[in-house]
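Asks: So the sequence lines, in the order shown, correspond to chains A and B. Take the first sequence: its position 213, counting from 1, is numbered 213 in our numbering, and each next residue is one higher. Take the second sequence: its position 156, counting from 1, is numbered 156 in our numbering, and each next residue is one higher.
Don't read these hints as lab results, they were simulated from the structure. Treat the hints loosely; a few may be bogus.
For lysine to aspartate or glutamate, the following EDC-like pairs were computed, each having C-alpha atoms within a straight-line distance of at most 20 angstroms [unchecked claim]:
1. B:35 with A:182
2. B:35 with A:185
3. A:96 with B:47
4. A:207 with B:370
5. A:207 with B:19
6. A:237 with B:442
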Amino acid sequence: MYFCTYVLPEHMMNVGLFIPCYIDQFYPQVAIATLKLLEKVGCTVNYPLQQTCCGQPMANSGYEHLAGGCNDNFVRNFADCDYIVSPSGSCTLHIKHHLHATNETAATAIRSRIYELTEFLTDVVQVKTLEAAFPYRVGLHQSCHGQRGLGLAQMSELMAPPFSKPGQLLGMVDGLELVQLDRRDECCGFGGTFCVTEEAVSAKMGKDRVADHLRHGVHYITGVDVSCLMHMEGILKRANSTVQVRHIAEILTATL
Amino acid sequence: MNQLNLDHAGAAIEFNKNEPRVDWHDETLWFVRTKRDRAAAQVPEWEELREAASQIKNYALSNMHDLLEQFEQNAIKNGITVHWAANADEHNEIVHGIIQKAGANRMVKSKSMLTEECHLNDYLTRHGIEVIDSDLGERIVQLRGEPPSHIVLPAIHLTKAEVGDTFHKHLGTDAGATDPQYLTEAARQHLRDTFLTRKVALTGVNFAIAETGGFVVCTNEGNADMGVHLADVHIAAMGFEKVIPRAEHLGVFLRLLARSATGQPITTFSSHFHRPRPGQEMHIVIVDNGRSRQLGRPDFRNSLKCIRCAACLNTCPVYRRSGGFSYHSAVAGPIGSILAPNLDMKLNADLPFASTLCGSCTNVCPVKIDIHEQLYKWRQVLMQEGYGPGGKTAAMKTMATVLESPRLYRIAGKVGRGVLRFAPVTVENKFNPWYNQREMPEPPAESFRDWYINNKKS
């Protein structure tokens, strides 16, 4: 018995869970919440044990040419999955746009089968309700790669109707109050290796983003990318703030 | 410290030493971005206009040779003298030659980023020609001996007080004056005298129309018109990518340009020049300076679609917090970062990395240049060509070796978490740039994989 309503045909069962390297190592609770959430909505989830990374750290640094071994390993792990789902917009976008491998046929299939968690829930599973409760004021950080790259939400640059897949899911959570920010989709400044190579600008961008959330009295900052959240968490902690970060999967599985 | 001598990250550190000033710079430019949003929202067909502009520019890039010849023929028919410059030196020599032929030793110049790119002012000054920039912002930075920090708002890095000090020193205004109207009036009187006494005036070109052989110059101050209408010789300098096929296409670009730039429906002056007035000489200098090389790079050619509106600078969260000088290049910001490596890969290898690849630039661009994707591609080109620091290449090779081996990855992860848990001082120190302004994440005892094997795997 599940406490969600959803549309899930039989053939959608085989979901391969891709947990980005830094979530695996530093934020296992996000991966656990993602796994539980996918199982709650009826997916059979498999976590391939030999997975490592999407290859983005090398590629965004200009060393795509060194990522061949990493890419081949990704393909070996996920070639058999009907769907690949990941709690990261950025890593998902990287696979979708840049995965090439020795087995190019398998890589091409993977590029078309990988989904970020929230878009998988709204578009594929078509979740309509969720029995989750999180009675707090929450600020949603629209991570750029998810928002502008994967189209998880309408970006402020385009003159087009608004929508937000993460916002849609957060709207199903009891008691959650989603706050409006002054700058609804400005980058937090994490940017992969940018966070250390351009430390001054990266930290300033992070401080400014956090300040926007704090001005609006949030209890929690959430988002679809742990990398952005890790960056903002580092800034919040340095300022001894009581505001915490939570990945959206943690909020969508929260109960009273 | 002079930001121009540092790489982007180094200059950004200098810029960020004065945080209130960074906030002011960021908020000023963000205000311009929001004005752009409001102006764009009032045009129901905004996205269709962007697409049309993009397609016209794509057509122009694909037919550059024919369009330029057509433009030249029609311009000559109109009585304009057309010059071709392969590079910045040739451009400067041609302009100098025209001034000399006119028997002048002074020139007034309205806004032209091309002349910044070619360092024309330095060249002419070295050859005994005095140049006065007539755009207010340009004149301010010229008096200060600085380059423009922004392609549309050249003095956006300066406060009213700094402008007041500059004018006090150079134009004799009252010390401590900050009233914009007073200061602008002083500049106006000073420039009026310049306009009346210069025989040669140079302008940029926003759009050159192949069909008519005429060109359009957009300004808000009317300074281009003031200069050329009072001068015996009008020189217009243009990069060859300014050519568009037909006059009717102006309707697309003029609607996009000022809205994208400052949120105005149109620039105050959109001046159309077709032929010299009786007794006047009109010259057009068409400049390549690396553009044909860029046109030959399939991944980067469409950077030449740029109409220099600066929307990508205003929206860029990095530009707003590092300042224009941190790009050490005539064109700053995201568009500059994809143009500059074409001019000099070694000198500008840092610029494509001055971005989080957030993609905002690409989506405000009125001609749909895929700026952030080109930043990514330039990174690949620059590192493969060997312009990366040696230490970075070694680190990346190690990282690649670890991440392609599940076993090494797990060992590295375990060791890394262990170090953070039991000997945090090894990473929580001043040598770790992350730790400078941020705490490290709290490392868990077990990875997700460990948890999965212990709890889920049957």
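Asks: Decide, hint by hint, whether the structure agrees.
Replies: Hints, verified against the model:
no.	hint	verdict
1	B:35 with A:182	15 angstroms, holds
2	B:35 with A:185	16 angstroms, holds
3	A:96 with B:47	25 angstroms, violated
4	A:207 with B:370	28 angstroms, violated
5	A:207 with B:19	11 angstroms, holds
6	A:237 with B:442	11 angstroms, holds
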